[in-house]
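Colleague: Model the full structure from these sequences, guided by the hints.
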Amino acid sequence: MSAFILRRLFQSAVAVIVMSLLVFFGVSVVGDPVYMLISPDMPQAEIEATIKQFGFDRPIWEQYFLFVKNALQGDLGNSFIFAEPALKLIIERMPATLELALAAVLMAVVLGIPLGVYAGLKPRSAISKVIMGSSILGFSLPTFWVGIMLIMIFAVILGWLPSTGRGETVNLLGVPVSFLTWDGLTHLFLPAFNLALLKISLVIRLARAGTLEVWHQDYIKFARAKGLGNRRIVFVHVLKNIMIPVVTVLGLEFGNLVAFSVVTETIFAWPGMGKLLIGSIQTLDRPVIVGYLLLITVMFVIINLIVDVLYSILDPRVRLADRGA
Amino acid sequence: MRPYVSVVAGALALGVLGGAAHANTLTVGLAAEPTSIDPHFHNLSPNNSLLTHVFEPLIAQDAQQRHQPALAVSWRPISDTTWEFKLREGVTFHDGSAFNADDVVFSFERAPNVPNSPSSFKTYTGGKTVKKVDDYTVHFMTEKPYPLMPNDVSTIFIVSNETSGATTEDYNSGKAAVGTGQYKFVEYVPGDRIVVARNDAYWGAKAGFDKVTFKPIKSDPARVAALLAGDVDMIEAVPTTDIARLKADGKVTLSSGVSNRVIYFYLDQYRESTPQVTAKDGSAIRNPFLDLRVRQAVSYAINRQAIADRVMEGASLPAGQLLPDGFFGTSPKISAPAYDPTKAVMLLGEAGYSNGFKMVVHGPNDRYLNDAKIVEAVAQMLNRVGIEASVETLPRSVYFKRASTGLDGEPEFTMGLVGWGSATGEASSPLKSLIATFDKGKGLGASNRGRYSNAEVDALLAQALSTVDDAKREALLAKATEISMSEIGIVPVHFQVNTWATRKGLSYTPRTDEYTLVRDVVVK
Numbered sequence: 001m002s003a004f005i006l007r008r009l010f011q012s013a014v015a016v017i018v019m020s021l022l023v024f025f026g027v028s029v030v031g032d033p034v035y036m037l038i039s040p041d042m043p044q045a046e047i048e049a050t051i052k053q054f055g056f057d058r059p060i061w062e063q064y065f066l067f068v069k070n071a072l073q074g075d076l077g078n079s080f081i082f083a084e085p086a087l088k089l090i091i092e093r094m095p096a097t098l099e100l101a102l103a104a105v106l107m108a109v110v111l112g113i114p115l116g117v118y119a120g121l122k123p124r125s126a127i128s129k130v131i132m133g134s135s136i137l138g139f140s141l142p143t144f145w146v147g148i149m150l151i152m153i154f155a156v157i158l159g160w161l162p163s164t165g166r167g168e169t170v171n172l173l174g175v176p177v178s179f180l181t182w183d184g185l186t187h188l189f190l191p192a193f194n195l196a197l198l199k200i201s202l203v204i205r206l207a208r209a210g211t212l213e214v215w216h217q218d219y220i221k222f223a224r225a226k227g228l229g230n231r232r233i234v235f236v237h238v239l240k241n242i243m244i245p246v247v248t249v250l251g252l253e254f255g256n257l258v259a260f261s262v263v264t265e266t267i268f269a270w271p272g273m274g275k276l277l278i279g280s281i282q283t284l285d286r287p288v289i290v291g292y293l294l295l296i297t298v299m300f301v302i303i304n305l306i307v308d309v310l311y312s313i314l315d316p317r318v319r320l321a322d323r324g325a
Numbered sequence: 001m002r003p004y005v006s007v008v009a010g011a012l013a014l015g016v017l018g019g020a021a022h023a024n025t026l027t028v029g030l031a032a033e034p035t036s037i038d039p040h041f042h043n044l045s046p047n048n049s050l051l052t053h054v055f056e057p058l059i060a061q062d063a064q065q066r067h068q069p070a071l072a073v074s075w076r077p078i079s080d081t082t083w084e085f086k087l088r089e090g091v092t093f094h095d096g097s098a099f100n101a102d103d104v105v106f107s108f109e110r111a112p113n114v115p116n117s118p119s120s121f122k123t124y125t126g127g128k129t130v131k132k133v134d135d136y137t138v139h140f141m142t143e144k145p146y147p148l149m150p151n152d153v154s155t156i157f158i159v160s161n162e163t164s165g166a167t168t169e170d171y172n173s174g175k176a177a178v179g180t181g182q183y184k185f186v187e188y189v190p191g192d193r194i195v196v197a198r199n200d201a202y203w204g205a206k207a208g209f210d211k212v213t214f215k216p217i218k219s220d221p222a223r224v225a226a227l228l229a230g231d232v233d234m235i236e237a238v239p240t241t242d243i244a245r246l247k248a249d250g251k252v253t254l255s256s257g258v259s260n261r262v263i264y265f266y267l268d269q270y271r272e273s274t275p276q277v278t279a280k281d282g283s284a285i286r287n288p289f290l291d292l293r294v295r296q297a298v299s300y301a302i303n304r305q306a307i308a309d310r311v312m313e314g315a316s317l318p319a320g321q322l323l324p325d326g327f328f329g330t331s332p333k334i335s336a337p338a339y340d341p342t343k344a345v346m347l348l349g350e351a352g353y354s355n356g357f358k359m360v361v362h363g364p365n366d367r368y369l370n371d372a373k374i375v376e377a378v379a380q381m382l383n384r385v386g387i388e389a390s391v392e393t394l395p396r397s398v399y400f401k402r403a404s405t406g407l408d409g410e411p412e413f414t415m416g417l418v419g420w421g422s423a424t425g426e427a428s429s430p431l432k433s434l435i436a437t438f439d440k441g442k443g444l445g446a447s448n449r450g451r452y453s454n455a456e457v458d459a460l461l462a463q464a465l466s467t468v469d470d471a472k473r474e475a476l477l478a479k480a481t482e483i484s485m486s487e488i489g490i491v492p493v494h495f496q497v498n499t500w501a502t503r504k505g506l507s508y509t510p511r512t513d514e515y516t517l518v519r520d521v522v523v524k
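As given, the protein sequences belong to chains S and C, one line each in that order. Okay, so the first sequence: first residue is 1 according to this note's numbering, each after it adds one. Okay, so the second sequence: first residue is 1 according to this note's numbering, each after it adds one.
Do not take every clue at face value.
[Unchecked claim] Below, a list of computed lysine to aspartate or glutamate pairs in the DMTMM-like style, where the Cα atoms sit at most 25 angstroms apart: (1) C:Lys-440 to S:Asp-183; (2) S:Lys-52 to C:Glu-169; (3) C:Lys-401 to S:Asp-32; (4) C:Lys-122 to S:Glu-84; (5) C:Lys-218 to S:Glu-168; (6) C:Lys-144 to S:Glu-46; (7) C:Lys-218 to S:Asp-183; (8) C:Lys-440 to S:Glu-213; (9) C:Lys-218 to S:Glu-92; (10) C:Lys-218 to S:Glu-84; (11) C:Lys-128 to S:Glu-48; (12) C:Lys-175 to S:Glu-168; (13) C:Lys-122 to S:Glu-48; (14) S:Lys-52 to C:Glu-109; (15) C:Lys-401 to S:Asp-57; (16) S:Lys-88 to C:Glu-169; (17) S:Lys-88 to C:Asp-170; (18) C:Lys-122 to S:Asp-32; (19) C:Lys-401 to S:Glu-62; (20) C:Lys-442 to S:Asp-32; (21) C:Lys-442 to S:Glu-168; (22) C:Lys-122 to S:Glu-46; (23) C:Lys-175 to S:Asp-32; (24) C:Lys-128 to S:Asp-183; (25) C:Lys-175 to S:Glu-46; (26) S:Lys-52 to C:Asp-408.
[Unchecked claim] So, partial list: chain C residues that the calculated Cβ filter (under 10 angstroms) puts toward chain S: (27) Leu-44; (28) Lys-122; (29) Glu-169; (30) Asp-231; (31) Gly-352; (32) Trp-420; (33) Ser-422.
None of these hints come from the bench; they were simulated from the model. Built from N, CA and C at the ideal position, the CB exists for glycine as well.
Modeller: Here it is as structure tokens:
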């Protein structure tokens, strides 16, 4: 077991190093940040002074080693346009994104499981067909378009919910959160729903497939033969068994929600990491882009590591050390 | 389903109450996010626009960029090389400290020297010595006569010398964000909002709102939706595709005005062979734009009115020179060139290109209003007169580098679209950067990517830049403009018209510098 974890840690380190190389060089061949930073009426001499100041005149490998040297000391460099540490900028915006992603996962569970189980129990009913039809829409409609439509319907036409921003926040254990205030909740609802839409559809499909499969298994028949009520069978025996794939998939999807909520955050002007990333890409704020992607890589590496370890604990059949994973 | 229903029902109640909560606050949807609260950190329009609420320069610019007394009450040249500024007395900073000459000296020393500044104010402070004469008199000295002193001085915000040693972080946190402006800084939440509140001790007309919140909403449709939903009271940079719709909406008032930004094409007119031009069969030919007649043909081939009407949906004004009519240094003799494809074909024939040639037209696709569409329209128009033009548009992060120094340090494109906004609000700014002969050492022609060059124009400009007499200088600038435009130094297409939208009951006085300033909001 410990040999496995050591090996995995080593592999993770290699993944992070390769990723840092790819990202750093990838970002450095695209465009020139100097022309994004300077005011256009600056004379050539000052443009060159700016290039020197940011070290763009040095060879790319030299810039990379400087970056690695600082990164090992926990310094991912200063943002070009904010002149603040990139890591600080990213972490500052992390609570907003985490809150959005958690709200989306919650919606996916709360809406997706009942709808999916219902569609699994009554596959032929008209309502189930509507549910499954809608889940296809949820999969195929572009997030951008859906977001704008949600704003148009709920904010502009009906006027029920605010269209933009994060709303009022309060500090919970030193972290600003918006779900504890009414204003914050109303601001949270639309973006979280927009982000959740795809996951809701996913959970519906998983729950339906699970229910269909489980429903015909012997232990359900046995439960019925024992005279248990439908309610108890569904809530105890079916739900318990379909939750395993749902939890596994949602766990992995959570990483995706955190890392790639870019579109939703942009449309709803949600002050999270995604909005920061897209702004940084547009202005070629390299330290922030590199810092963000590295952080996300580390996050995925850790999630995968935890999942693997948990599997071996939960299911003794998965013998990690032997699998040579 | 329960929580869902109650959230919606509650939101409904909130929406009904929300209407009355406007009272005396204003929420503004911005198209770009300022990068700092430090007024000397980043010379960038969104920053300068926002910080005008908190900080003031010695000289302010009104909606037409004309000079107005702000922290200085008067200014005049007292010799060829010295300008005297008389400062306003009885002004206090937001922290209660008094404003005097020491603050001016301190601010002009700090402005060019902010660490890690991505784009500093050195351009405006360079070559000037600031001297305190008494508490309310300051002298600005240069080595040579310098007529643009008021323009340059108007770009520098004055901060309190008691904040000496404050870093950019101290400004962002609010600790050092102490100005003399109509509004006091309250809060900056990066990515979300910037809040300011009325300064009751302001020396001039008091602010119209108790509290103003600025919200950056970069996505165009989302910004418009936020206005329609009532989440913001006004927005800047209304996308042209929404103008017609919003005009018909009774809940919204549109205000639009021409800006100081000219959209133009530069033509490579210095290289014997230019990168993206070939004969129609693909063989190499001499750069056709070295011939004035070919450049004129391009200008005649462009139907500027059609671009203004259809591509821009009315949000532009056909252009024939560097700034719209009425700006200092423009020539009343120049109007937008007429659309004349027949003449274009004739000129091409005279120049020996009756068979036309092949070329690529370049432009950015995320920088100016409808930039990529303009490039496409112009390429179509060139095809109509026999120039086989194809289009390549690029994101600005790639485009500007390649357009300026993409090919071994030389401009990479033969013909490219660019825009120029004159921060100083007069013609010397575009003449210096776009028209003057490229000269790194003198800092001239920095954005002259077609490398137009005419010694007479250079001489007129140099003379203008050392002529303190306004009337004489204006005539010199107009003359330089006339010559360079008749030689098609660049091909102006139009002046951008900017549009703001406000909720009913408010309107906005459009500004030529594209700034969104709360003091220009009119409450009906």
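Colleague: It remains to establish, for every hint, whether it holds in the given structure.
Modeller: Okay, the hints, checked on the actual structure:
1. Distance hint between Lys-440 of chain C and Asp-183 of chain S is unfulfilled; the C-alpha atoms sit about 55 angstroms from each other, more than 25 angstroms.
2. A threshold of 25 angstroms between alpha carbons decides the hint, and for Lys-52 of chain S with Glu-169 of chain C the separation of about 23 angstroms falls inside it, so the pair holds.
3. Using a Cα cut-off of 25 angstroms, the hinted pair Lys-401 of chain C and Asp-32 of chain S holds, with the two alpha carbons roughly 6 angstroms apart.
4. Taking the CA atoms of Lys-122 of chain C and Glu-84 of chain S, the gap is about 21 angstroms. The hint holds against a cut of 25 angstroms.
5. Distance restraint check for Lys-218 of chain C and Glu-168 of chain S: the Cα-Cα separation of roughly 21 angstroms lies within the 25 angstroms cut-off, and the hinted pair is therefore satisfied.
6. Note on Lys-144 of chain C and Glu-46 of chain S: the hinted pairing holds, with a Cα-Cα distance of about 21 angstroms set against a maximum of 25 angstroms.
7. At roughly 22 angstroms between alpha-carbon atoms, Lys-218 of chain C and Asp-183 of chain S fall within 25 angstroms of each other, so this suggested pair holds.
8. Between Lys-440 of chain C and Glu-213 of chain S the alpha-carbon distance is near 75 angstroms, which puts this suggested pair outside the 25 angstroms criterion.
9. A threshold of 25 angstroms between alpha carbons decides the hint, and for Lys-218 of chain C with Glu-92 of chain S the separation of about 20 angstroms falls inside it, so the pair holds.
10. Proximity of Lys-218 of chain C to Glu-84 of chain S is assessed by CA-CA distance (about 22 angstroms); at most 25 angstroms being required, the pair is judged to hold.
11. For the hint pairing Lys-128 of chain C with Glu-48 of chain S, the CA-to-CA distance comes to about 21 angstroms; that is within 25 angstroms, so the pair holds.
12. Restraint check for Lys-175 of chain C and Glu-168 of chain S: satisfied, since their Cα atoms lie roughly 22 angstroms apart, inside the 25 angstroms limit.
13. For the proposed pair Lys-122 of chain C and Glu-48 of chain S, the alpha carbon gap of about 13 angstroms is at most 25 angstroms, so the pair holds.
14. This hinted pair checks out: Lys-52 of chain S and Glu-109 of chain C have alpha carbons roughly 22 angstroms apart, not beyond 25 angstroms.
15. Under the criterion of a C-alpha separation no larger than 25 angstroms, the hint pairing Lys-401 of chain C with Asp-57 of chain S is consistent with the structure, at around 14 angstroms.
16. Distance hint between Lys-88 of chain S and Glu-169 of chain C is fulfilled; the C-alpha atoms sit about 12 angstroms from each other, no more than 25 angstroms.
17. Distance restraint check for Lys-88 of chain S and Asp-170 of chain C: the Cα-Cα separation of roughly 15 angstroms lies within the 25 angstroms cut-off, and the hinted pair is therefore satisfied.
18. A C-alpha spacing of about 21 angstroms is found between Lys-122 of chain C and Asp-32 of chain S, which places the hinted pair at or below 25 angstroms, so the restraint holds.
19. Annotation: proposed proximity of Lys-401 of chain C to Glu-62 of chain S holds, straight-line Cα distance about 22 angstroms (limit 25 angstroms).
20. As the CA atoms of Lys-442 of chain C and Asp-32 of chain S are separated by approximately 24 angstroms, the hinted pair is consistent with the 25 angstroms bound.
21. For the suggested pair Lys-442 of chain C and Glu-168 of chain S, the alpha carbons sit about 52 angstroms apart, so the restraint of at most 25 angstroms is broken.
22. Distance restraint check for Lys-122 of chain C and Glu-46 of chain S: the Cα-Cα separation of roughly 8 angstroms lies within the 25 angstroms cut-off, and the hinted pair is therefore satisfied.
23. Of the pairs offered as hints, the one joining Lys-175 of chain C and Asp-32 of chain S is violated, with about 34 angstroms between alpha carbons and a cut-off of 25 angstroms exceeded.
24. For a cut-off of 25 angstroms, the pair hint linking Lys-128 of chain C to Asp-183 of chain S is broken: about 51 angstroms separates their Cα positions.
25. Annotation: proposed proximity of Lys-175 of chain C to Glu-46 of chain S is violated, straight-line Cα distance about 30 angstroms (limit 25 angstroms).
26. Under the criterion of a C-alpha separation no larger than 25 angstroms, the hint pairing Lys-52 of chain S with Asp-408 of chain C is consistent with the structure, at around 18 angstroms.
27. Annotation: Leu-44 of chain C was flagged as interfacial toward chain S, and the flag holds, the nearest CB pair being 6 angstroms apart, inside 10 angstroms.
28. The closest approach between the C-beta of Lys-122 of chain C and any C-beta of chain S is roughly 6 angstroms, which is under the 10 angstroms cut-off, so the hint is satisfied.
29. Given the 10 angstroms rule on beta carbons, the hint for Glu-169 of chain C holds: about 7 angstroms separates it from the nearest Cβ of chain S.
30. Given hint, Asp-231 of chain C at the interface with chain S, holds; its Cβ is 5 angstroms from that chain's nearest Cβ, closer than 10 angstroms.
31. Annotation: Gly-352 of chain C was flagged as interfacial toward chain S, and the flag is violated, the nearest CB pair being 35 angstroms apart, outside 10 angstroms.
32. Satisfaction of the interface hint for Trp-420 of chain C is found here, the shortest Cβ-Cβ separation to chain S being roughly 7 angstroms, below the 10 angstroms cut-off.
33. The closest approach between the C-beta of Ser-422 of chain C and any C-beta of chain S is roughly 8 angstroms, which is under the 10 angstroms cut-off, so the hint is satisfied.
Checked against the numbered hints above, the structure breaks hints 1, 8, 21, 23, 24, 25 and 31 and satisfies the rest.
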